[in-house]
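**Q** Single-letter residue listing:
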Amino acid sequence: MKKLLLVSLCFLVLCTTQVFAQNRTVTGTVTAKEDGLPIPGVTVKVKGTSNGTQTNSAGKFTLSAPDGATLVFSFVGYNVTTAVVKGGVVNAVLTSASAQLGEVVVTTSLGIKHSKAELGYSVAQISAKQLTETNVTNIANGLTAKVAGLAIYSLDNGVDPNISVVLRGNRSLEGNNNALIVLDGVPIPSATLNSINPNDISDISVLKGAGAAALYGSEASNGALLITTKRGTGDGKPSIIYDNSFQAEQVSFYPKLQNQFGTGAGDPGYVDPITGQYLYVPFENEQYGPRFDGSIVDFGNGPLDSAGGLQQKIKYAAFPTSPVHQFFVTGFTEQNGVTYSQGDNQNSIYISAQNVHRTTVVPDDKNIKNAFSVRGHRTYGIFSIDYSIGYTKTKISTYGQNYVPQFAENSLYGAVLQLPANLDLSKFKDPDGEFGNPSNYYDDYAVNPYWIVKHARINTDRDQVLSNVNFKLDPTKWLSASYRISNNWGVAQRRGTSQEVDFTPYAISDPLGGTNLPSLFKGTGKAPGTLFDSYQYGDGTFNNSPGAGYNRIQGDALLDFHHTFFKDFKTDLLLGNTIWQQHLKYQTTASNNLLLKDFYNINTIGGLVSAAEGEQTVRQIAYFGEANISYKGWLTLDGTLRNEHDSRLSAAERSFWYPSGKISFVPTDALSFLKNNKVIDFWKVYASVSRVGEINIGPYEINNVNILTPGFPYGSLGGLSASTLNYSPTLKPELTTEVEIGTDIGLFNDRINLDFDVYDQRDKNQTVTINTSIATGYNQSLLNIGETESKGMELQLSGDILTKQNNKVLLRISPNFSINESKVLSLLPGVGQLSLGSNTYAVVGQPFPLLKGTDFLRSPDGKVIIDPNSGYPAGNNPNLVSYGRTTPKYDFGTTFTVGYKFITLTGTVEYRGGDVIYNNTGQSLLFTGSSYISAEAGRERFVYPNSVIQTSNGFVPNTNVLTRDGNYAFWEGSIYSSTMQPFVSSGAFWKLRELNLSFDLAQFINKTHFIKGATFALTGRNLFIWLPKSNPYTDPEFADVNPFSNTRGTNDDNITPGTRIFGADLKVTF
Amino acid sequence: MKKYISIITAVILAIGISGCKKDFLSLEANPNLPSQTTPQLILAGAIVTVPNITISYLNPYDVWSGYLSWNGGVVPPSTLFQYTFTNGTYGNFWTELYSNATNFNNLITLASKDASLSHFQAIAMIMKAWDFQNLVDNYGDVPYSQAFQPSTILFPKYDKAADIYADIYKQLDAAIAVAGKDGISPGASDPMFGGDMAKWVQTANTLKLRIALRESNLATGTTPPPFATTLPASGDGYLTTDALINPGYANTAGQQNPFYGNFVLDATGNPAANSNVYRANAFSVKYLQNTDDTLRLSRIFSLAAPVGSPAGTKPSVYYGNVYGDAVGIQGTANVSGAGPAFSKGATQSSIFILASESYLQQAEAVERKWIAGDASALYVKGIEADFNYLGLSKDDADTYAAANPITKNSNPIQNIIDQEWVTFLNGYDSFEAFNNYRRTGYPNLPSSVDPAAISNHLPTRLYYPSSEQTANPDNYVTVDPFTTKIFWAK
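Each protein sequence line maps, in turn, to chains A and B. According to numbering that gives the first Met the number 0, the stretch in the first sequence is residues 0 to 1069, in order. According to numbering that gives the first Met the number 0, the stretch in the second sequence is residues 0 to 489, in order.
Chain B extracted, bound-state conformation (with noise of 0.2 Å):
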């Protein structure tokens, strides 16, 4: 009897003193996600992030800015077709950019306790800025600096929409301060500028002239807005060269360009989702027709059958759908897709902003009397940039600049942003040709033709989504997205 005792005592003992080990219950850390993270992995995976938002989740601005329509074959969502989208409809651009201004934020606080960390910093900075920027064209009034406080600040006010504005713009100068001090190359966990913190300024002083243009209609004379008092004068200031993306996207699923892998071929190389569902508006294609735009028409655009012509015809023409004609409505074989510019391949690099429209936009601000410059030169700069991006040669971007300059008709802002527009026509910038639209009412966007269409205009804004209708039920506010009318718009 006693060995058996002595046994049982033996067994809770061991057991009950492997159980008191001190460590036998500290298994806070997590074996299967980190807690921790470097400035490297922040930044890269911030900024794939970006084209993954405007290509994946600002469909409805690919509509409503002439670039693309409903294809035929499904039935087309009433929410499009009829604008009866709702504040539980694309509310997913709210979250996309509060996460990756989340992630950028994380990488302002971590880069700002350590100085080497300085080029991090002031990329971040400028990111973050771009990330408010499209929050604000979207919502106007958003948190701001209430934001990204999880322990104290469950339900962040929102802030004026100009106010923003006008500390983004800041946040961009200083930026381009902290970029000049010493510190660790980001170098490849750069995926835009492999660390090249020149062209990260040229960026940032690119976007705070978009922030100060957003504002024309505010702007008395020939006076900028009034916190855009370090716009340099155009030339080197502003991006010269196209800033794009590459991570080293590759043709396999979740790693291709998001724009092919959306709307070209998916990795086991079929027609990717988008491409059945998108296909080329009517507008856009004969806008290119109409001003003997083919060339670029041809880079844009893909080959369609004729309407009508039999299956396994031979593409012959280029062909868009009308927006919210259901009748006429046509199917993948007969409408345009993506053309050659843009499917070169899964491995193609994404836009974040193009050099055309830098030029572009500077010869709106030196036509404005902002800054000083060449208009005209850097219009046609503008044009030759976007035939360069599509593949087109400088003679020919001479050619068509030559038929059609700046001087085409009597407003020469209406004729940069109609060229804006085109080079706005690739998946990444139908949101900025619709910023534009809303700011300038160029060029003139059709609205839906569906008979059943609750308004007989584009909308004006998105409602504010309803993840915050319940999540931050004291701040939401509920909006007319047809009459409601972003701080800037016209």
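For reference, chain A alone in the conformation it holds in the complex (with noise of 0.2 Å):
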């Protein structure tokens, strides 16, 4: 009987499709009237009906409808706007309403809708326009200083760039400070970012304070970022997508080089005994020779044999162009993506795929990366499903490490600064050819970089998968039910190989007794080729940050409730549950002595095999509830709380409760004199506070534990010695205390927005690595100690300032400014300092993190005292100086938009400041002489500027005493360039990160019924950035660190200078 009811159903939903087919098919776009543009998602209902549908992203919607019959328009922040349908063209213009602010609807903390009048928190949306207005290739780069209080970190600009997400500065001395990430639903690593299209985005909601983020628990104490990926949507009709962007990337940004002096260094012997001049050296490595003369002269190391043959000769004279300039090449971007999208209401089905092939300034260096993903959802009845599935496959491949290993740590930009200016960089371009081998390459200390770039290699493979499925059901109006699993599993593969070397036996012999480096493999005449294997089993990245390489299994299970009571009270409950489990596994062999020239295996080897495995297992279960009501709107109050069990903890340590409370008042709707106002058309105050606990602690990092001496085994002798980090059972997690306070407002018909927020956060039991005694049997001891202060203001606007319906023209500028100021409130009794790594610490009543280090000895009024005999500075300030903060404490970023017809003109600028950096790189070109400094005075004995001479009447002006050498005996012999104080600068920036020219062409091909919409546009990237004097060197924003840890504002030669991006990009939709 059952079966037969089931049947006849099927018959009558049979039934009423037939009748609304009979219908004819009505099309349209949708526009805003303030600027023209097309307003995707907008809802499309034949009044009166259930018949309805949603604009598709070029604000077409297609739909059946019989003639006469009215269309209802409705969009979130729009009048509500009607038409009848009089053939089968119907298009619509909105209005955008009043007080439209407060009914925006953002994403909050587990995918929860909620209109903005009832937040009692700070959140930001970035739309899908706004994120790839420049066809990045990573999403990071598209939020780049879009959002008040978020720093994006770009820490280099390799073809696998490391990516760091910080919200509301830094909070944790040491712990993590990155900003939780999660994509539809489900938390992923900042890597990860790396494998998303960016054109699958839909849109992303930026929490920015642990309080907006506290449901989330202990992983989102430093904000979070959701993401939410597109599905879709439309008339069922299909759309398909087609989008190719081409990019050229080139160095923005050398340090400043000198171009006078060639080779030597005033090493014994390469000194005129009469003159004291430095003697030209044609085997060297630095860069502190006679100036150029225009001469020819020898070069390298003798003639290339013993029997004489070939002697190089080089003119010494500055190349046109420098060497450093000559190695870089430019990089080249294509990406072509695809999307087919097709659905309504109930069920859609949203496929992309998307090639970018990826080439990088260092030459050899690419990045390939294929990514495909299906998502979407199905409703049966109250019952629905949505499901998104990613795979993205990456393959970089990246320099390796020269075939020296004392001089392993060497980089490749190290080896490059050190070519002298009067060099044909081209003659060296092939690294087996005769003048580029390793036997007859002219400098007798360093590599070949052509040799670095051909034959050693780092080859990794990415394979990632992220998928998610979510099960709801609506069986009431006031509940619904869901419970998603989701997963986030990959394997990272990496090889990194370099070639043997055999080398001339001449070459070996050291002919000119410089102890060259052929020399050092005397023994065999050779340096053996290396390799190493790394597979690591979790998310498919290699990533050891916080969270990130994990497997990671999650499912989470809601419940929410909601129902209005007596018409005005609208109440939430939420309540949930998520049990996740983080998983990795790695193994890793290496050797450095094979065997046979370019086989790379390492069951070929001498010696033993260098090998390493490991696994770790992290589990948290959470339970959590969030309740809401609001109050005509324009009330509301909102309470969380969660309770946290984590295997990271002992058993004793492992639960938490997490709580938050929020207000939020609207006084525009809730004042009838501020009603109906002409200026004022929306005014929200708020205030939250809530605790959140972050766990800084790795997995197994409370027992302590032995690890293999050294050497061990010996055959079957083994040997455990005690590590010497001291681990302790009680450790608890950082507890993150957030006051906020803000307020959003809409003036001129919502022309001009404003949100504004002030913060204050105290994290205490900050877990610490304290460097202890080695006498108390640890170097380290892991604690819970200390308290910091982070707070500081956000400022967004927003302003409409002119339109097209007004002006023809559309101008928008997005303005925000933030200022975070961090300190330290308290480390262990007794304890004043910490040091964080990296020339970086922790001091009580100060910022963190503090960049302090050496510097000359001053007179009281600052200037640098001289040894009145040598003319050099005459010492080291015995206690370290505090230079200053090395994140930015003020970050201001603006995004204008100027449009007329189908042009628009978008750009993004970006200013942070009021931090300092470390340009360890200052030193690297004062040790290969190539720094502009060392040659202003000409290389002569000059009078150390500013400087004073002690005397027993006080400080003199130092007004003649020179230098007793102006050579590398001061530039790099002498305490000037140990000494941190010259390479300390400002770290202050400001860049043109943005800009963008697009073309809408859609006017131009309406005709065709096969093309849609199709736009074209010139982007570019960073294009142009401003420093301050005191920074020749490199992008302040670069640092050479652990990308994840905290004590970034250090660079050196391991990154590679700034670059801009250019390209095009043609989009079309059919």
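Treat the hints with care, since some could be wrong.
Each computed DSS-like pair below joins lysine-lysine, with the alpha-carbon atoms no more than 30 Å apart [as the list claims (entries may be wrong)]:
| hint | chain 1 | residue 1 | chain 2 | residue 2 |
| --- | --- | --- | --- | --- |
| 1 | A | Lys525 | B | Lys313 |
| 2 | A | Lys521 | B | Lys343 |
| 3 | A | Lys731 | B | Lys156 |
| 4 | B | Lys343 | A | Lys525 |
| 5 | A | Lys426 | A | Lys255 |
| 6 | B | Lys156 | A | Lys763 |
| 7 | B | Lys489 | B | Lys368 |
| 8 | A | Lys1028 | A | Lys888 |
Calculated directly from the structure, the hints in this document are not laboratory data.
Two chains, each in its own frame: build the complex with the hints.
**A** Below is the structure:
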């Protein structure tokens, strides 16, 4: 009987469909009155029926309706508009509704949508358009400078850049300060951002504070980014978008280099004994030789063989292009993407495929990414399923290490900076060629950079699968239940190889007696090839930053009760449970002693395999709830509570409670005299208090361990030593208490919107690895100590200065500004200072991380005291000097849009400042002698600027004591180059982050039915950078530390110079 | 609909229940590194680390003891040539010695709870005493009584150096007592003596004598330091054979004999890193030549090509660079490196204490009338033992000893110390040679000739390391490394 009923139901459905099929097909475009741009996502319904659809990304819709029917167009923030069907085309123009701001719906924790009026905390929403304006290959780049309080740090510009996402500055001294990133409800590590196709993003919600993200608990104590991917929308008809972009990348900023002096070092034996002048040394790696004179000189290590073969010659004059500039190339990125989407309110499917081929400024480095994803949703009555699966394959190839074990840490860029200005680098391009090969290379102490590029490679393969499925049940109006299960899984493989080098006997004999590199291999005449292989089973990355690198399986159960009592009390109660497990396993094998040239296999080696393996598991169970009561929409109270049990903590310390409370009030709705005000459309004030813990303890960091003693095992003899890091089972999470107050204001018909907030975060129980006296038995102890404060303000403005409707020209400016102040309130009793690594410290009462380092002895008015005999700085201040914080205090960004007819120009500018950086690069430049500063005085003796001499009568300005040497002995051999102060500069910069000139070609191709829309754009990123004079070295954003550590602020020659990107993009919608 | 609800409920329950299992969150045990260990593993690891410390971290003493100097071709560091080292230089000694002492201390704690582990306990007590004598000789006052209590004392106070000396002497006596008890033999986990406790007792006595003699300047007349009341008479109470360490060194990266892997050849067969950095010191080469000690010279150092000869010339002379001379400095081909006695192969044994030192120390103690014995005979035995270690014959030793008797010059103690200095030319004992110099002034070791050197004499000690300045600031002491002396120094 039941079966029969079902069958008849099916018939009924078919019949209904049949009825609608008699209607005609209506198409149209919905645009906004203000700017004339199409609006996607507008709900279009046939009045009096349930028949409806939504506009697609081009603002177009198609649906069936009889002639004379009324279509209702509705969209959040716009007045409802109606139109009567007459013929096949119905276009609509929507005007923005007053008081719209409060009705804007934003995605908050766990994907729950709230209107902005109800929020007691700061949330910023970034649309797909804002994100992908300049065809970023990485989502994070598209977010840069667009949200107040959100700082994106691109820590290098290689083919596989490390990116760190920080909200509201640093709280934790040594722990994680990176925001949680949630993709469709699933936490992912920021490294995984690289693997997501930015074109698949629908929008991103930025939950700035701990309070906003309190429901996510300890993982979101640094705020959260909620990324929602696209689903198929519209009228049920398929839409296909093809997107092609092509970008070129060039070095935008080189350090200033000298081009007047060639190779030489003032080494013993290379100084004229009579004049004291530095002589030309044809095989030297440092550029402290005599001034270029245009003569032709011998170059390199003498003749190329013992028979007196070819002798290299070189013109002793600067080559027109610096060899440093000659080395870097133009990189290209080509992106091809196709998306197919189809769907309506009930069912949808979205399929995207993307191929990105990227090369960069370093020769031969490349990154090839293929991403494929399918997502969609289906509805069966009260039951619905939403699913998403994405697979990304990334192949990355970068340069490896040189062949000299003692210099293995020497970087490629370091080798490039050693090239003297008179070099025509093209002669050395072939690392196996006559002049380029390791035996004949001119430089006795450095490796040909082209050898590193060609013969030492690190190839990384990443296979990443991100998947989740969400089952949802809406049995009644007041209850929905859902269960989501998600998995982030992948395999990362890496192989590093460097080729065996066979030296000629002549080169090994060290013909010029300078202990050249080949002579280091005189035992065997060869540097054996090396090999390492790594595998990590986790999320497909090798990342070991907090939460990254792990396979993650998560289950979220949610019950959402919502009901309105007595007409005016809208209530929401959310109850949930989350269980997740993270697991990773890795294996590495390596050998530096391959037996055969060009045969890379770990079975064919001399000596023993160096091998390692390990695995880590973390589990957490959490229960949480949120209650939200809103009175008439203008007074909202919200409370959350979360309880967590985490496996990283010992059983006694495992359970934690995290509460939060928020209130928001909308005077423009509540107070009658403010209603229908012509100036202020919307005004909200809000406040929140929250407490969230953060577990900055890795797995297994509560019990002390023993490690294999170096060298063991010898045969069957094993040896274990106590680890020098002391753990404690009483470790607890850090606790962040945040207070936030803010206001949102909409003015002049919402043409000007202003969001302003201030916050104060106190982070106590800092989980800190303090250096302890080894006499305690341990070098370091992991402890809960101290408290920090991080407070600041965020201001986000957006203004429609001119609109197309009134002015024909569109001008919109959206500036944002934030200030963050950090301070260490306390450390361990009796301890006023803690080293955080990389010359940074936490000092009680000071901002953190604080750069401290050596400085010269100075007179009370700050002048450098010099030694009256040598003319050199007299010595180092025995105490380290504080230079300032290494994280920006001020961040200003602004996006502007100018539109006229079908042309739109969009740009983003950013300023960061209030921080200092330590340019270790400057010391590398001095070491190589390529530093511009070192040649400013013509390598002659000079009076140290602004210096004083200490006499019995006090400090006398030094006007005539020359430095004993104006060459190598001063610039590299004296206290000058080993002191930090000359290399500390302001970290401030202005950058033109993005520029996009786009042409909407839709009006020119409207006639064809096949193509529905097309845009063409010229794009540029990081086109210009302006730096203070004190920094002639590099982009201050780059840092040579673990990208996820908090000690950024030091750069060195491991970081290649900054780049600019420009390109073109064509997008066609079918 | 009911179906869906029941499915969802079932799934949630299934996961919830699995999550609620008692051990779901109990993941304290580290699967990668063990929290547990055994006395055998600690002992083997800690003993094998000892020669790594003396070889890898005590390099300035190789130079200051006149054994090695800087090689040409690499710009000499001003820290070495001009003594501009700071509290951030050479800090590894402190760290490595304390780490090693930590492991022996852990073994003492573990073994003292189990009577059957008495032999492990005794060895650990002896080696811990060695660590602390080295710490005192490097730094003077150091943490001792408050050391190794991380849960209660994060900032350990420094004990008086002399008090530590007295206590480690006492600990060595205690160790000898414990060694006499029955217990499990450490066997192969003792890579020095294979568990032969008689030899460990000899080692303990030799170390006791080393400690006592170090205080020779404080002793009055013929009385040894007050704590040194248990020194045996010369003879079998002290080491009669070389105390060598060999866990099974192999010609594999990281498993080579530490001297060989640092100063001779690396595992790929190319010159080891330090062999291009440190070469023979002119002082030691000339000393051996001037004393007609050519046999030992030929075993200690390798031949080099004459200075100024063209590349590829056959090595035919012994040559060393003058410490601090940046102008006349010569490169690898023209300066002697490690000789045949020390470049036998990657599997050669490491030195802990040579029998020659044992005999020569006894000779000195007899000379000082602290213990009974025949100083001259002990002196000859010392020379014989050194010739033996270098692979030379007893006859050659006796010939040499006859030409260079203990009475060669008026001060027999100087002769003994000079002989000790020669036996210390091995890479492991440079610090002992430097200690003898600081105690007695013999031989008259050269300081850097670099005109920019900030001192005209050798340093008297090192700075306390910067790690103490940051991690134990209240107890950190500022010292002058050219005037502050270790309490026993002359």
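**Q** Next step is simple, just say for each hint if it's right about the structure.
**A** Hints versus structure:
1. Under the criterion of a C-alpha separation no larger than 30 Å, the hint pairing Lys525(A) with Lys313(B) is consistent with the structure, at around 22 Å.
2. Taking the CA atoms of Lys521(A) and Lys343(B), the gap is about 18 Å. The hint holds against a cut of 30 Å.
3. For the hint linking Lys731(A) to Lys156(B), the alpha-carbon distance of about 29 Å falls within 30 Å, and the restraint holds.
4. Taken as a hint, the Lys343(B) and Lys525(A) pair is honoured in the structure, with Cα atoms around 22 Å apart against an allowance of 30 Å.
5. Between the alpha carbons of Lys426(A) and Lys255(A) the distance comes to roughly 24 Å, so the proposed pair stays at or under 30 Å and holds.
6. Distance restraint check for Lys156(B) and Lys763(A): the Cα-Cα separation of roughly 29 Å lies within the 30 Å cut-off, and the hinted pair is therefore satisfied.
7. This hinted pair checks out: Lys489(B) and Lys368(B) have alpha carbons roughly 20 Å apart, not beyond 30 Å.
8. In summary, the hint linking Lys1028(A) to Lys888(A) is supported, as the alpha carbons are separated by about 20 Å, within the 30 Å threshold.
Violated hints for the displayed structure: none, as all numbered hints are satisfied.
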